[in-house]
Amino acid sequence: DQQVKQNSPSLSVQEGRISILNCDYTNSMFDYFLWYKKYPAEGPTFLISISSIKDKNEDGRFTVFLNKSAKHLSLHIVPSQPGDSAVYFCAASRLGAGTASKLTFGTGTRLQVTL
Amino acid sequence: TAGITQAPTSQILAAGRSMTLRCTQDMRHNAMYWYRQDLGLGLRLIHYSNTAGTTGKGEVPDGYSVSRANTDDFPLTLASAVPSQTSVYFCASSATTGGGYTFGSGTRLTVV
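From first to last, the protein sequence lines are chains A and B. Residues 5 to 119, numbered by our numbering, are exactly what the first sequence covers, in order. Residues 622 to 733, numbered by our numbering, are exactly what the second sequence covers, in order.
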């Protein structure tokens, strides 16, 4: 049972255009959501996060939108750059005081930014 | 550079043999995790540790064991490897109060 789903295995976008990566979740108890970026032969690196009390968080070219009623979040990258080509993982967790924030990951979306 | 060190980088292991994947962090994070990454399945949690001296099972713990004798080290042991354990293994850590993980660079394990 995949609690965090990324239904698009891959996405190709032209340089300078907007990239939109989507993620759906089924567990309504999730209250913290994150995006990770992964290059080949490297570990994932944290990109941006959002708490369930917000519907938008922006950091430079990266913006994450959360729609709790639809259990959907998306990552917008604008403008897209060739260095953004990577696999993007959506992740979700339930924050609990004093406990580890175990993350549940989606299956990833491979973004290719073309010239 | 502060972070997580995993060893070895890659390994080919005969089925039935045992192996320990090493993970060391220098950030004094309380929580540590082991994930495996498989094509089409994303990252799945194997075991985790909230703090030194405690461990817990994740989504796919069978065939794996862990220990957390101190804050810095979190080794993952395969007692008797099987081909289905062929995967890329990532160790990660986080501050207990939440937030993002810091991941190691991974260990690529092939069981033949």
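Please note that the accuracy of each hint is not assured.
What the hints assert, rightly or not - No farther apart than 16 Å at their CA atoms in a straight line, the calculated lysine to aspartate or glutamate pairs in the EDC-like style are these:
(1) Lys75(A) - Asp28(A)
(2) Lys9(A) - Asp647(B)
(3) Lys106(A) - Glu680(B)
(4) Lys106(A) - Asp35(A)
(5) Lys72(A) - Asp28(A)
(6) Lys72(A) - Asp35(A)
Derived from the structure by calculation, the hints contain no laboratory data.
Below or equal to 16 Å on CA atoms is what counts here, so check Lys9(A) against Asp647(B).
violated, 33 Å
Lys75(A) and Asp28(A) were given as a pair; does the straight-line alpha-carbon distance stay at or below 16 Å?
Holds: Lys75(A) and Asp28(A) sit about 6 Å apart, inside 16 Å.
Regarding the pair Lys106(A) and Glu680(B), is the alpha-carbon distance no greater than 16 Å?
With a Cα-Cα distance of about 11 Å, the restraint between Lys106(A) and Glu680(B) holds, given a limit of 16 Å.
CA of Lys72(A) to CA of Asp28(A), is that 16 Å or under?
With Cα atoms ~10 Å apart, Lys72(A) and Asp28(A) stay inside 16 Å; holds.
Regarding the pair Lys72(A) and Asp35(A), is the alpha-carbon distance no greater than 16 Å?
holds, 9 Å
Quickly compare the C-alpha distance for Lys106(A) and Asp35(A) to 16 Å and report which way the hint goes.
Within the cut-off at roughly 12 Å; holds.
Hint 2 from the earlier list is the only one contradicted by this structure; the remaining hints agree with it.
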